[in-house]
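Given these sequences and hints, build the entire structure.
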Amino acid sequence: MKLIGKLWLLFFVAVVLMGVVQFSPSNIHTDIRALLPTSTDSASADKILAHSTQASRDIWVLVGSKTIERAAIAANIITQTLAQEGLQASQPSEAFDVKAFAKALLPYRGGFLSPDDQAFLAAAKDEDLLRRSLALLYRPFAASFAPFQDDPLGTFENALLKSAAQSPFQFSGPCVSLRTSPDGLNYCALSIRSSESMGAVDDMPVTKALDTARQAVLAADSDARIHSAGVTLISEEAASTASSEATLIGAISAAAIILLVIIFFARVAPLLLTLVVLAASLIFAASSVVVLFGEVHILTLVFGATLLGICVDYVFHMLCATATGLSGPEAGAKLLKPLSLSLLTTGIGYAVMIFSPMPGLRQMAVFCIAGLMAAYCNMLFVAGSFLRADIPTRAAAAFSRGFAQLPRAKGIAKAAFVVCLLIVSVFGALQLKTQNELALLNRIPAHLMADMQFVGKALSPVSPGQLFVIQGNDTEAVLQAHELLQKHLAQLAANGVIGTAPNPTALLPSRKSQQQARTLTKPATHRALTLTKETLKSDFPAPSADDLLLTLSAFKTIAPQSLTHFWLSDTSLLVPLSGVTAESLPHLQKVADEINGVRFVNTTAEVADSLATYRNGVLYALLIALGVIGAILAFSMRRRFIDFWAPTALSIALTFGLCGFAGIPLSLFSVLPLVLVVGLGVDYAIVLYSEDNAVAARNSVFLAASSTLLAFGLLALSSTPALHIFGLTLLLAMASVLVTTVVLRPRD
Numbered sequence: 020m021k022l023i024g025k026l027w028l029l030f031f032v033a034v035v036l037m038g039v040v041q042f043s044p045s046n047i048h049t050d051i052r053a054l055l056p057t058s059t060d061s062a063s064a065d066k067i068l069a070h071s072t073q074a075s076r077d078i079w080v081l082v083g084s085k086t087i088e089r090a091a092i093a094a095n096i097i098t099q100t101l102a103q104e105g106l107q108a109s110q111p112s113e114a115f116d117v118k119a120f121a122k123a124l125l126p127y128r129g130g131f132l133s134p135d136d137q138a139f140l141a142a143a144k145d146e147d148l149l150r151r152s153l154a155l156l157y158r159p160f161a162a163s164f165a166p167f168q169d170d171p172l173g174t175f176e177n178a179l180l181k182s183a184a185q186s187p188f189q190f191s192g193p194c195v196s197l198r199t200s201p202d203g204l205n206y207c208a209l210s211i212r213s214s215e216s217m218g219a220v221d222d223m224p225v226t227k228a229l230d231t232a233r234q235a236v237l238a239a240d241s242d243a244r245i246h247s248a249g250v251t252l253i254s255e256e257a258a259s260t261a262s263s264e265a266t267l268i269g270a271i272s273a274a275a276i277i278l279l280v281i282i283f284f285a286r287v288a289p290l291l292l293t294l295v296v297l298a299a300s301l302i303f304a305a306s307s308v309v310v311l312f313g314e315v316h317i318l319t320l321v322f323g324a325t326l327l328g329i330c331v332d333y334v335f336h337m338l339c340a341t342a343t344g345l346s347g348p349e350a351g352a353k354l355l356k357p358l359s360l361s362l363l364t365t366g367i368g369y370a371v372m373i374f375s376p377m378p379g380l381r382q383m384a385v386f387c388i389a390g391l392m393a394a395y396c397n398m399l400f401v402a403g404s405f406l407r408a409d410i411p412t413r414a415a416a417a418f419s420r421g422f423a424q425l426p427r428a429k430g431i432a433k434a435a436f437v438v439c440l441l442i443v444s445v446f447g448a449l450q451l452k453t454q455n456e457l458a459l460l461n462r463i464p465a466h467l468m469a470d471m472q473f474v475g476k477a478l479s480p481v482s483p484g485q486l487f488v489i490q491g492n493d494t495e496a497v498l499q500a501h502e503l504l505q506k507h508l509a510q511l512a513a514n515g516v517i518g519t520a521p522n523p524t525a526l527l528p529s530r531k532s533q534q535q536a537r538t539l540t541k542p543a544t545h546r547a548l549t550l551t552k553e554t555l556k557s558d559f560p561a562p563s564a565d566d567l568l569l570t571l572s573a574f575k576t577i578a579p580q581s582l583t584h585f586w587l588s589d590t591s592l593l594v595p596l597s598g599v600t601a602e603s604l605p606h607l608q609k610v611a612d613e614i615n616g617v618r619f620v621n622t623t624a625e626v627a628d629s630l631a632t633y634r635n636g637v638l639y640a641l642l643i644a645l646g647v648i649g650a651i652l653a654f655s656m657r658r659r660f661i662d663f664w665a666p667t668a669l670s671i672a673l674t675f676g677l678c679g680f681a682g683i684p685l686s687l688f689s690v691l692p693l694v695l696v697v698g699l700g701v702d703y704a705i706v707l708y709s710e711d712n713a714v715a716a717r718n719s720v721f722l723a724a725s726s727t728l729l730a731f732g733l734l735a736l737s738s739t740p741a742l743h744i745f746g747l748t749l750l751l752a753m754a755s756v757l758v759t760t761v762v763l764r765p766r767d
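First residue of the sequence shown: 20, per my numbering; consecutive thereafter.
Don't read these hints as lab results, they were simulated from the structure.
You can take every hint at face value.
Label-pair restraints from in silico Cβ distances:
#, residue 1, residue 2, range
1, 28, 579, 57 to 63 angstroms
2, 560, 193, 35 to 41 angstroms
3, 576, 104, 35 to 41 angstroms
4, 154, 564, 22 to 28 angstroms
5, 680, 465, 28 to 34 angstroms
6, 30, 682, 42 to 48 angstroms
7, 468, 638, 30 to 36 angstroms
We put the beta carbon where it would ideally sit given N, CA and C, even for glycine.
Below, the structure is given as structure tokens:
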């Protein structure tokens with residue numbers, strides 16, 4: 020035992036030191052997406068999700084006032100205030116420098132033709148061509164992107180302007196403003212690109228900086244209105260709430276545990292031992308997560324705060340054993356088998372979470388397994404050596420006597436009790452309804468939701484959760500499919516089904532479209548230039564060459580990154596969407612089904628389906644865990660295994676029934692706790708039924724159950740719906756296990 024203790028201490032110190040070396044505040048992350056399943060399909064899927072993640076880091080700030088000049092002043096105040104807070108806010112820039120880009124595209128101009136100009140050229144006569152070329156030549160101010168002789172009908176210019184007109188912004192005036200105001204005020208637009216490091220806990224940096232900027236603006240202009248929206252703001256709000264909850268849950272759990280230790284052991288030494296073991300367990304757990312994952316999620320710490328209620332079980336078992344006259348080493352030797360079996364069964368429950376597709380749940384599983392292992396090893400192989408024999412306090416002895424008076428079902432009463440449990444379980448389970456797990460992860464405060472809706476209405480920003488992916492045998496096939504897709508999307512936008520999103524190939528027509536355009540533009544521009552020369556009786560310089568067809572490789576060399584990053588490869592293109600609602604989804608899927616090579620990607624639905632699939636998998640794992648633990652108990656307890664296994668199995672069934680009657684939905688977060696209860700519930704039976712000393716058994720089970728119920732009962736008060744349901748379900752399950760284990764105990 021001493022050798023094991025020394026080896027454990029070496030391992031403990033090594034893991035903690037590695038965790039300390041790797042840890043920094045930026046390692047604590049808050050992004051809710053860490054709780055979502057990771058993609059394992061393909062590199063293409065990873066690129067799609069990376070694009071989605073990049074889009075979700077954008078924070079939009081709309082600053083409104085009665086006049087555009089006052090709005091511009093307010094926007095400038097926000098920019099300066101955010102700069103003082105270390106954040107850079109900038110006005111949205113045009114997707115490209117139109118004039119510079121037009122110059123680069125000039126050799127390809129014959130392939131550009133807007134639908135309106137196509138209709139015009141198809142029906143135009145000489146007088147129409149002359150009238151239009153003269154109007155272009157003599158307009159009040161020249162804004163052409165090409166010399167007159169290169170674009171006498173303005174078809175090239177119109178194609179470029181049509182692409183630029185897709186933006187919701189007006190780029191002239193004292194600031195970049197909205198073309199259309201949702202509430203009648205004049206709005207300037209600002210954007211902030213949050214870095215990945217802003218996902219770390221840092222006292223809500225973006226949110227607080229925006230609040231400071233808002234106060235500065237209102238002090239200068241009381242009529243100003245500021246609306247901000249972005250996933251980062253939601254993440255910071257969730258992180259702040261989770262951090263506060265972690266502190267509160269940990270503090271109350273620790274206080275309750277301290278109170279129990281004082282009542283039952285009435286000495287300072289057990290209290291200090293409890294605090295040291297718990298602190299060491301949590302430090303080891305956090306270090307293990309940092310070493311294995313390189314980071315730790317804030318919700319892992321919130322969930323881990325409840326680990327106090329389970330880690331302390333091993334402390335209580337040892338203290339209760341020494342309170343019966345056993346020394347620390349004697350108690351450790353006596354409890355080695357039951358506590359090892361307890362650790363194994365509990366570990367099986369947490370191990371199911373390790374195989375989750377969600378990094379956040381994997382972190383929680385590692386945190387809990389590492390913390391339990393640390394508490395087990397520290398008590399049995401290290402701290403136990405310092406415990407001395409003792410006698411039960413008056414409170415402990417009195418409680419043990421009261422515990423013995425609790426009802427115990429025997430004979431027909433036991434059978435009736437079991438039948439009643441099964442009836443409640445069946446009828447309650449019939450009331451269960453499933454719920455989308457994503458809805459449980461999504462808690463957006465009302466003020467953020469209102470701002471999101473306002474910004475969404477004003478900008479129709481790109482949706483990070485829905486998009487199209489076009490794949491073809493070559494670039495030409497992709498471009499032709501995209502042109503057909505754009506016609507369908509334009510119709511949906513006109514009908515109000517979706518918003519207007521950027522067109523990634525607006526300035527890269529397919530070869531087929533370019534050739535068709537050239538059959539119209541080349542003779543028309545030549546004829547228009549000839550007619551103009553004859554009418555004005557003057558000459559113009561010779562047009563520059565325009566016989567080239569624009570290819571993707573050429574486009575990538577001259578186009579800005581904002582126009583090329585949608586291309587995953589030469590044969591794969593992302594098509595962004597905006598203004599997508601639940602009602603839009605069937606229409607979008609129908610469009611994808613009608614066009615060869617087009618796939619509608621709904622990452623939100625895919626994540627929801629993945630969570631539902633994992634929920635069903637956990638249900639099967641629950642049955643497997645019950646079977647594995649039953650086999651372990653059968654091997655170690657022989658014919659008595661049913662006494663140890665039945666209370667937990669019945670409690671799991673009862674919990675399903677209680678959840679049904681209580682209206683708790685069947686979700687991943689109400690199923691996962693039951694896997695943990697399988698291990699925790701068996702622990703109570705092992706200690707209560709196998710311990711020779713009744714006083715030690717009763718007190719240790721009560722203390723263990725009380726600490727666990729306190730921890731997870733507090734988790735049920737979390738404002739994060741997923742954690743709330745997790746804690747509430749576990750609270751019901753643990754209470755059921757405790758009652759069932761006590762009532763079905765084979766002897767007192």
